[in-house]
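2 protein chains.
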Amino acid sequence: MTQMLGIEHPIIQGGMMWVGRAELASAVSNAGGLGILTALTQPSPEELLREIQRCREMTDKPFGVNLTILPTIKPVPYDEYLDATIEGGVKVVETAGRNPQEFIPRLRENGVRIIHKCTSVRHALKAESIGCDAVSVDGFECAGHPGEDDVTNLVLLPAAAKRLTIPMIASGGIGNGRQLAAALMLGAEAVNMGTRFVATREAPVHDKVKQAMVEADERQTTLIFRSLRNTARVFGNSIAKEVVAIEAKQGETDFADLQPLVAGTRGREQVLEGGDIEGGIWTAGQVIGLIDDIPDCAELLRRMVDEAEQAIRTRARSLGL
Amino acid sequence: MTQMLGIEHPIIQGGMMWVGRAELASAVSNAGGLGILTALTQPSPEELLREIQRCREMTDKPFGVNLTILPTIKPVPYDEYLDATIEGGVKVVETAGRNPQEFIPRLRENGVRIIHKCTSVRHALKAESIGCDAVSVDGFECAGHPGEDDVTNLVLLPAAAKRLTIPMIASGGIGNGRQLAAALMLGAEAVNMGTRFVATREAPVHDKVKQAMVEADERQTTLIFRSLRNTARVFGNSIAKEVVAIEAKQGETDFADLQPLVAGTRGREQVLEGGDIEGGIWTAGQVIGLIDDIPDCAELLRRMVDEAEQAIRTRARSLGL
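As you go down the protein sequences, you meet chains A and B in turn. So the mapping is simple: this note's numbering equals the position in the first sequence, first residue as 1, plus 1. So the mapping is simple: this note's numbering equals the position in the second sequence, first residue as 1, plus 1.
Here chain A stands alone, though its shape is the one from the complex (with noise of 0.2 Å):
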C-alpha cells in the first residue's frame, strides 16, 4: 500500500466529514501518512478544487479525496465533483457509501487509484470484482457506519483476508501502534483511522471535542438509528442516549418518530466547530478509550510506527524468529 500510494508509513486517515479539510490532510501527509480530503464538506466542486489547492500549498505529499455516496434529498453532483478531483490532480480517491462502479472508469482513465470502504467480505470483494484498487473493510468497531452486520475487525479482517486479491486497509477502532502490528497480522496492509485523527492537534475540531474523547472510555459510544437499519456508531452523549431509548422502548421505530428530536439539536457541524459535546449527535469510534492525549500529526504517525515496529521486533525475538 505504501508504494501503491508513494506514501511512507501504512497509515491513512478516512474521509469524514466537517473534518476532512486542508489542514488535517496536509498534516497527515506530511507526517508520511495519507492524508484524506473530504469531498462533499465543500459545499461545491468549485470549492472542493480550491480546498485541494489549498492543500496542495501546505505539503507536497501525495494526499486522496473521499467521495462518500449516500442516498440525499437533494441530488448531488457526484460527476462534478470527481471532476475537480481530477483536474486538482489528486490520484487517489476513496469511495464509501454506494457502489462506485459508474465512477471507476474515469478515475481509471485519469491514474486515479480507488479505495473502496466498505463493512462486508462481500461488499470487498464486489469492489475487487469491479476494478477498485484496494478495499478498505470496516468493523463493528467503527465510527460512523458500521453497517448491519456487527462482525468485528478481529474476525472481519481475516474472513475478508482470505478471500482477496486486492490489497485490504484495515479501518475501524484502530489508533495505537499495537493495533497496527494486529492490523498487519490479520492480513490488512494500512490502516485507516478517522477518530484517532480528530484528537490531533492539526484536526478542525473544537477542543472541547478533542478533550471529550480524550476523557471517554470504550463504553462510551453507541449505536443510533439501528431500528431503521441505518446505524450509526456516535458519542454517547444525553441526545444520543435519548434516542436509544426511544428506539429500544418502541421495538420498530419510524424515522418520523427520531426526527423531532434530532432535528431539535445542533448539527454535527455546530457540535464539531461550537464544542458544546451535548448539543447535538456527532460520531465516534471505539477507539476513544484508547486515546490519551492530543499530539499533532507527525508525533502521533512517529509513535504508531515506533509502538508496532517495536511490537513485532519483541514478539519475533522471544520466539526466536
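Note that these hints are calculated values from the structure, not bench results. Just so it is clear, the structure is predicted and the values come from calculations on it, not from any experiment. A portion of the hints provided could be inaccurate.
[Stated by the list, open to error] Calculated cross-link-like contacts (lysine to any residue; reagent style SDA-like; alpha-carbon spacing at most 25 Å): (1) A:LYS250 to B:ALA257; (2) B:LYS127 to A:GLU216; (3) B:LYS250 to A:VAL245; (4) A:LYS250 to B:GLY148; (5) B:LYS92 to B:THR3; (6) B:LYS250 to A:PRO205; (7) B:LYS242 to A:GLN251; (8) A:LYS62 to A:ILE131; (9) B:LYS242 to A:LYS163; (10) A:LYS242 to B:GLY148; (11) A:LYS242 to A:ARG230; (12) A:LYS242 to B:ARG123; (13) A:LYS75 to A:LYS163; (14) B:LYS242 to A:LYS211; (15) A:LYS242 to B:PHE226; (16) A:LYS92 to A:PRO205; (17) A:LYS209 to A:GLY280; (18) A:LYS163 to B:ALA257; (19) A:LYS250 to B:GLY280; (20) A:LYS211 to B:ALA162; (21) B:LYS62 to B:ILE295; (22) B:LYS163 to A:ILE295; (23) A:LYS250 to B:ASN231; (24) A:LYS163 to B:ARG304; (25) A:LYS250 to B:GLN212; (26) A:LYS163 to B:ASP297; (27) B:LYS163 to A:THR223; (28) B:LYS250 to A:ILE105; (29) A:LYS242 to B:PHE256; (30) A:LYS75 to A:GLN260; (31) A:LYS250 to B:LYS250; (32) B:LYS211 to B:LEU229; (33) B:LYS92 to B:ILE167; (34) A:LYS209 to A:GLU243; (35) A:LYS242 to B:ILE295; (36) A:LYS242 to B:ARG227; (37) A:LYS62 to A:ALA299; (38) B:LYS242 to A:THR232; (39) B:LYS250 to A:GLU243.
We have chain A; now place chain B onto it with these hints.
Relative to chain A, chain B alone:
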C-alpha cells in the same frame, strides 16, 4: 503464560457447557495447549472428580477446570466442586460469571492458579485486585455472554493491557494463527478459544453441528436476550431469529415473553449431542466465519502456531527488524 501453566503453546480451550469433557480437554492438552473441563457439565462434584481422573488417564499434561458462577434457581454446591477440583490435583481453575473472590484463598493455598474471565476493563482490574493470576478478556465477538458493553477485542484488549499488570489472555473471535499473532501484538500472552475447539474431531459434539459451523459465515450468529440485559451470542438458527424478532418488535421484553418459545425447544445439550441444528438455541461465536474444516486438536494447534510465526516473521523481515 506458557511458563505459568506448564504448557507448550499459548492456546487455551475455554470452558464450555456440555463440550468441556475429558475427550476434548485431554486432546487440547496433549496437543500442547491447555484443555479445560467444565465443572458444571458434571451433575455432581463426585462426577467432576471422576471426570478429572478420566482426563488424567488420557493425558499426562496439565489441564484445568472451569467454574462458572451464575444465578441459578437450584443452588449449586460450588465449594464442593472446588473440593473435587483440588482433590483431583488440578492446578488451574478458570472462573467466570460472578466475582470469584470467596474461592481465591482456598485455591491459592492449594497451589491452584486462577484465571478469571471477564468482559470489561473494570472487571479485569477487579480480578487483578482480588488476587487472580491472570485474566481472560472476552470481546463482543465471543460466543455466549459478551456482557452489555459491546466493546470489540481490537479495542478491549489493548485497553485492558494498558492497565493490567497480571498476564492477559485474549478470548472471543479467535480461531487461526493470524489472530493468535494479532492477539499477541495487542498485548495478550495467550488466546482462549471455545467455538473453534467445538469444530475439532475430538469435541463430543454431533457432526452435524460441526458441519453447520464449517458452512456458516461470520454473519450467522446473533445476540439474544439483549432486552433482558443477559445478552448471549448464539448460532443464528430459526429459533434464535424468532427470539430476536420478538425482542426487536417489543422493545422492552420480559423473560416471560420469551420463555414459552425457548422452553418449547430442545436444550442446548440435546442439540449438540443430537445434531438437530434447528432444535434449540446453542452458542457460537463470530469465528464460525473462519472455520473451514474439522481438524484434530494436534493439527489445529500445529497449524495455528506455524501460521502465527509465519505472520510475525514475514512482517519482521519486511520491516527489516
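Here is what the structure says about each hint:
{"no.": "1", "hint": "A:LYS250 to B:ALA257", "result": "holds, 17 Å"}
{"no.": "2", "hint": "B:LYS127 to A:GLU216", "result": "holds, 21 Å"}
{"no.": "3", "hint": "B:LYS250 to A:VAL245", "result": "holds, 15 Å"}
{"no.": "4", "hint": "A:LYS250 to B:GLY148", "result": "holds, 20 Å"}
{"no.": "5", "hint": "B:LYS92 to B:THR3", "result": "holds, 14 Å"}
{"no.": "6", "hint": "B:LYS250 to A:PRO205", "result": "violated, 41 Å"}
{"no.": "7", "hint": "B:LYS242 to A:GLN251", "result": "holds, 19 Å"}
{"no.": "8", "hint": "A:LYS62 to A:ILE131", "result": "violated, 28 Å"}
{"no.": "9", "hint": "B:LYS242 to A:LYS163", "result": "violated, 28 Å"}
{"no.": "10", "hint": "A:LYS242 to B:GLY148", "result": "holds, 19 Å"}
{"no.": "11", "hint": "A:LYS242 to A:ARG230", "result": "holds, 17 Å"}
{"no.": "12", "hint": "A:LYS242 to B:ARG123", "result": "holds, 22 Å"}
{"no.": "13", "hint": "A:LYS75 to A:LYS163", "result": "violated, 40 Å"}
{"no.": "14", "hint": "B:LYS242 to A:LYS211", "result": "violated, 40 Å"}
{"no.": "15", "hint": "A:LYS242 to B:PHE226", "result": "holds, 20 Å"}
{"no.": "16", "hint": "A:LYS92 to A:PRO205", "result": "holds, 24 Å"}
{"no.": "17", "hint": "A:LYS209 to A:GLY280", "result": "holds, 12 Å"}
{"no.": "18", "hint": "A:LYS163 to B:ALA257", "result": "violated, 43 Å"}
{"no.": "19", "hint": "A:LYS250 to B:GLY280", "result": "violated, 30 Å"}
{"no.": "20", "hint": "A:LYS211 to B:ALA162", "result": "holds, 23 Å"}
{"no.": "21", "hint": "B:LYS62 to B:ILE295", "result": "holds, 23 Å"}
{"no.": "22", "hint": "B:LYS163 to A:ILE295", "result": "holds, 18 Å"}
{"no.": "23", "hint": "A:LYS250 to B:ASN231", "result": "holds, 17 Å"}
{"no.": "24", "hint": "A:LYS163 to B:ARG304", "result": "holds, 16 Å"}
{"no.": "25", "hint": "A:LYS250 to B:GLN212", "result": "violated, 38 Å"}
{"no.": "26", "hint": "A:LYS163 to B:ASP297", "result": "holds, 22 Å"}
{"no.": "27", "hint": "B:LYS163 to A:THR223", "result": "holds, 23 Å"}
{"no.": "28", "hint": "B:LYS250 to A:ILE105", "result": "violated, 41 Å"}
{"no.": "29", "hint": "A:LYS242 to B:PHE256", "result": "holds, 24 Å"}
{"no.": "30", "hint": "A:LYS75 to A:GLN260", "result": "holds, 18 Å"}
{"no.": "31", "hint": "A:LYS250 to B:LYS250", "result": "holds, 9 Å"}
{"no.": "32", "hint": "B:LYS211 to B:LEU229", "result": "violated, 29 Å"}
{"no.": "33", "hint": "B:LYS92 to B:ILE167", "result": "holds, 18 Å"}
{"no.": "34", "hint": "A:LYS209 to A:GLU243", "result": "holds, 22 Å"}
{"no.": "35", "hint": "A:LYS242 to B:ILE295", "result": "violated, 44 Å"}
{"no.": "36", "hint": "A:LYS242 to B:ARG227", "result": "holds, 16 Å"}
{"no.": "37", "hint": "A:LYS62 to A:ALA299", "result": "holds, 14 Å"}
{"no.": "38", "hint": "B:LYS242 to A:THR232", "result": "holds, 19 Å"}
{"no.": "39", "hint": "B:LYS250 to A:GLU243", "result": "holds, 19 Å"}
The earlier numbered hints that this structure contradicts are 6, 8, 9, 13, 14, 18, 19, 25, 28, 32 and 35.
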